[in-house]
Amino acid sequence: DTGVSQDPRHKITKRGQNVTFRCDPISEHNRLYWYRQTLGQGPEFLTYFQNEAQLEKSRLLSDRFSAERPKGSFSTLEIQRTEQGDSAMYLCASSFPINEQYFGPGTRLTVT
Amino acid sequence: AQSVTQLGSHVSVSEGALVLLRCNYSSSVPPYLFWYVQYPNQGLQLLLKYTTGATLVKGINGFEAEFKKSETSFHLTKPSAHMSDAAEYFCAVSDLSNTGNQFYFGTGTSLTVIP
Numbered sequence: 006d007t008g009v010s011q012d013p014r015h016k017i018t019k020r021g022q023n024v025t026f027r028c029d030p031i032s033e034h035n036r037l038y039w040y041r042q043t044l045g046q047g048p049e050f051l052t053y054f055q056n057e058a059q060l061e062k063s064r065l066l067s068d069r070f071s072a073e074r075p076k077g078s079f080s081t082l083e084i085q086r087t088e089q090g091d092s093a094m095y096l097c098a099s100s101f102p103i104n105e106q107y108f109g110p111g112t113r114l115t116v117t
Numbered sequence: 039a040q041s042v043t044q045l046g047s048h049v050s051v052s053e054g055a056l057v058l059l060r061c062n063y064s065s066s067v068p069p070y071l072f073w074y075v076q077y078p079n080q081g082l083q084l085l086l087k088y089t090t091g092a093t094l095v096k097g098i099n100g101f102e103a104e105f106k107k108s109e110t111s112f113h114l115t116k117p118s119a120h121m122s123d124a125a126e127y128f129c130a131v132s133d134l135s136n137t138g139n140q141f142y143f144g145t146g147t148s149l150t151v152i153p
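So the sequence lines, in the order shown, correspond to chains P and Z.
Our numbering puts the first residue of the first sequence at 6, with every later residue one more than the last.
Our numbering puts the first residue of the second sequence at 39, with every later residue one more than the last.
Possibly wrong hints are sitting among the right ones.
[Claimed, not checked] Quick partial rundown of chain Z residues pointing at chain P, CB under 10 Å, derived from the structure:
#1 Ser47
#2 Tyr70
#3 Gln76
These are calculated hints, taken from the structure and not from any lab test.
Backbone N, C-alpha and C define an ideal beta-carbon position, used for all residues, glycine too.
Given the sequences, and given the hints that come with them, work out the whole structure.
As structure tokens, this is what we get:
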């Protein structure tokens with residue numbers, strides 16, 4: 006399978022704990038995106054990378070959130086000191102420039 | 039700035055009936071428009087896209103959409119609904135510029151197909 010993969014698929018954590026999600030994009034795609042999706046809503050943009058450079062961040066991305074793409078391949082999204090409001094589906098997508106985005110299956114986070 | 043409005047958060051149709059899901063967009067530049075489908079607990083799958091050229095675009099699973107600039111619309115249709123079409127559908131707009139490729143999604147329309 007050469008699609009976008011995300012790990013883990015599900016994560017349950019207690020409030021205050023840190024969590025980290027991983028995204029592996031389609032290998033030849035140089036752009037990578039993170040979105041957050043809550044129930045009944047469309048995906049909301051969080052941040053995106055072109056190769057290893059993080060070029061844009063949404064104001065939704067508080068200081069507790071950090072994303073990296075160290076070698077321009079896979080990316081990680083870390084949430085520190087999780088809050089119940091962080092419970093959502095976190096989606097990763099990748100693309101070539103000027104082309105559609107291909108989405109991974111998402112990581113569903115539940116903060117108890 | 040771009041935005042998308044999907045009219046009707048829930049749509050129900052009978053199996054075999056016409057499916058019509060509405061999408062209106064706002065964009066300050068020529069838009070690129072997309073429809074994605076999402077099945078429960080899965081990511082989004084591209085149904086079809088409009089970038090340039092023919093305004094009627096055909097996608098997978100028998101879906102098609104027509105870009106109407108004068109109406110700022112990009113409605114999704116399928117002549118005959120199938121049970122397997124039951125899912126969440128999202129319309130998205132982007133400018134696909136070289137400096138950014140941010141997609142703006144609507145809030146989605148949940149399609150129910152009644153047997």
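Do the hints match the structure? See the list:
1. Ser47: This hint holds: Ser47 of chain Z lies near chain P, its Cβ roughly 7 Å from the closest one there, short of 10 Å.
2. Tyr70: Tyr70 of chain Z check passes; min Cβ-Cβ to chain P is 8 Å, inside 10 Å.
3. Gln76: Given a least distance of 9 Å, the restraint on Gln76 of chain Z holds.
Hint violations for this structure: none, all hints satisfied.
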